[in-house]
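Trainee: Take the given structure of chain A and dock chain B with the ligands to it, following the hints.
If you're matching them up, the sequences are chains A and B in order. Our numbering applies: residue 1 is where the first sequence begins, and numbers increase by one. Our numbering applies: residue 1 is where the second sequence begins, and numbers increase by one.
Check before you lean on any hint, since a few could be wrong.
Label-pair restraints from in silico Cβ distances [as the list claims (entries may be wrong)]:
(1) A:170 - B:32: 53 to 61 Å
(2) A:266 - B:28: 30 to 38 Å
(3) B:55 - A:294: 26 to 34 Å
(4) A:152 - B:62: 40 to 48 Å
(5) B:6 - A:113: 26 to 34 Å
(6) A:78 - B:6: 16 to 24 Å
(7) B:80 - A:293: 31 to 39 Å
(8) A:132 - B:62: 33 to 41 Å
(9) A:214 - B:50: 19 to 27 Å
(10) B:56 - A:152: 50 to 58 Å
(11) A:246 - B:6: 40 to 48 Å
Here are some chain A residues the structure puts well away from chain B; computed CB gaps all over 12 Å [what the hints assert, rightly or not]:
(12) 85
(13) 172
(14) 241
(15) 268
(16) 274
None of these hints come from the bench; they were simulated from the model. Idealized CB from N, CA, C, for every residue including glycine.
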Amino acid sequence: MVDKTLELFDCGHRACGGCGAALAARLVTKAAGTNTIVVSATGCMEVFSTPYPETAWKVPWIHSLFENASAVASGVEASLKKQGRTEKVVIMAGDGATFDIGMICISGAFERGHDFTYICYDNEAYMNTGIQRSGATPYDASTTTSPAGKCSFGNKRPKKDIPQIIAAHGAPYVATASIAYPADLMQKVEKAINTVGPCYIQVHAPCCTGWGFEGEQTIAVAKLAIETGLWVNYEMVDGKVVKAKKVVRKPVEEYLKTQKRFRHLFKPTRQDAEIATIQAIADRNAEKYAIDIKLKKE
Amino acid sequence: MSLAVGCRARPGKARDNKTGSWRVFKPVFGKEKCTLCGLCMTLCPEGCVHETEEGFITPDYTYCKGCGICAQECPGEAIEMKQEEK
Ligand SMILES: Cc1ncc(C[n+]2csc(CCOP(=O)(O)OP(=O)(O)O)c2C)c(N)n1
Ligand code: SF4
Ligand code: SF4
Ligand SMILES: [Mg+2]
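So here's chain B without its partners, still in its complex pose:
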C-alpha cells in the first residue's frame, strides 16, 4: 500500500479562489485625485492593486474583498467605497 505523507499544492494555486465574490462595498479609484503614490498597492492585504499599462492604479476585482483599507489610507482621498451592485 502506498501512503502519501503530507499534501502538496502548486505555488499560488489559491488564485482558483475568486475572493471578489465576498465584496459588499467596491473601491472605485478616481483617476483625477490619484497621485500614483502607490500606498494602496503596498497596504492591500490581497496584493490585488496594480498599475495598468495606461498608468492608472486599479484593483483586480476578481480578488478585491472590498475591505476598504485602500480608500481609508489614500492620502489624496482618490478612492471611494460604493455599494456593490450584483
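Extracted from the complex, chain A is given alone in its bound form:
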C-alpha cells in the first residue's frame, strides 16, 4: 500500500483554476506512490506542470514529444528491467496524444507488452493549442476546428472507442474513470500498476476553459457525464467488461446545458433532433454496459 497522504504533484503549477487534468495528476500520483517514474506527452498537463525551470512533479518525470510518450516509456521500462529496478512506469498523456498522434507508438508498446500504466486524461480536445477537436471530442461539441454555426452543429463524428482498441491488443487491464470519483480512480490506478503488462486507464477530466463552464463546476460537470450515461466508468480484464458503474440516468440535456461547447443546441433555438441523437448515444452506452438501475414501481 502506498501512502496516499503524500502530495506528489505539488502546488505552483500553472493550470487554470478548477482544471480537471491537474486534479487527475494529483490523484494518479497519489495512488501510484513514490516508486514511480512518470512519462508525459506534450499537452496542457506537461506545459502547466513544467515551465522551465519549475516542475510540480515530485517523482522522476520525463517529457520528449507529443507523439512518443509510450515509446519513451517502453525504453524506460526496458532499462529498469535490465537493471533489476522496481520503479513503476506511468504515462500521462492527453486525448490528442492518445487518440490521434500517439496511436502508432501506443500500438507498438502494447503489442510488445511492456510493463507500464498508460493514463489518458481525457479533456476531449487539444486544449493546450486552443481547443481543436480530437478523436475524443464528443458528437456536436463546438471546438475551434469544429465550430458550430450556420452550416454545422459542431463535431460531426462520434468519440473513438480507444479502450476497446487497447483491449484488442491483449492488454490485461483497461479501465475508464473520472475525477468526480476519486476513490474509484485511485483504486483503478493501483490495480493497473500492480498488474503485470501494459495497462490503460482513461480518465474523464473536464476542462473549464475549453468546454466553457466556471471552474467551480468541474466536479459537478464530471458527475453529470456519468449520471447521464455519456461517460461510463468500467473495468475490463483480459478484454472482458467485468464491472461498470450503475446509475439512475438523467436526460443528457442536464449535462449538455452546463457547457458553452453545446450552447448552440439550445440557443437561439432548441435543436430537438440533435439532442435526441446525443440521447441515443447515452442509451446505447447504457445498454452496452448495463448501467441502468431499474427503480421499482411503487
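Mentor: The following block gives chain B with the ligands in isolation, referenced to the frame of chain A:
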C-alpha cells in the same frame, strides 16, 4: 563545446510560483459547519488544502487559485467564496 541535452529541475520547484496571486474569490472555511470529512482536500486541483495542528481544515492561500471547487463540493456548505481584498 559542451551541449546540455534536455533540461532538469528540482522536484516540486514549482512552489516558487505563488499562484495565490491569481485569486479573485477567496474560500473562507467556517469551522462550525466543517465535519472534517476531507472532501475539499481530495478535490482541490492545487492540493493546497490541509489540516492544521489545531485540527481545522484550511487552504494554503499562497497557492489557492480561488477556483471554488471546495466550496461547491463541501457537503456541509462550510466554505464560502468571498471577493478577495487586495
Ligand atoms: C508533432 C507535434 N504536433 C503538434 C504539436 C503542438 N501541440 C502541442 S500540445 C498539443 C495539443 C495536445 O492535446 P491533448 O493531447 O489533448 O492534451 P491537452 O492539451 O488537451 O491536455 C498540440 C497540437 C506538437 N507539440 N508536436
Ligand atoms: S485549458 Fe483546460 S486542461 Fe488546460 S490547464 Fe486550462 S482547464 Fe486545464
Ligand atoms: S478555491 Fe480551489 S484552489 Fe482554493 S482551496 Fe478551494 S479547491 Fe483549492
Ligand atoms: Mg486534450
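Trainee: Each hint should be assessed against the structure and marked as holding or not.
Mentor: Hint-by-hint comparison with the structure:
no. : hint                     : in the structure
1   : A:170 - B:32: 53 to 61 Å : holds, 55 Å
2   : A:266 - B:28: 30 to 38 Å : holds, 34 Å
3   : B:55 - A:294: 26 to 34 Å : violated, 44 Å
4   : A:152 - B:62: 40 to 48 Å : holds, 45 Å
5   : B:6 - A:113: 26 to 34 Å  : holds, 28 Å
6   : A:78 - B:6: 16 to 24 Å   : holds, 19 Å
7   : B:80 - A:293: 31 to 39 Å : holds, 35 Å
8   : A:132 - B:62: 33 to 41 Å : holds, 34 Å
9   : A:214 - B:50: 19 to 27 Å : holds, 25 Å
10  : B:56 - A:152: 50 to 58 Å : holds, 52 Å
11  : A:246 - B:6: 40 to 48 Å  : holds, 47 Å
12  : 85                       : holds, 18 Å
13  : 172                      : holds, 28 Å
14  : 241                      : holds, 27 Å
15  : 268                      : holds, 29 Å
16  : 274                      : holds, 29 Å
Taken one by one, the earlier hints fail for this structure only at number 3.
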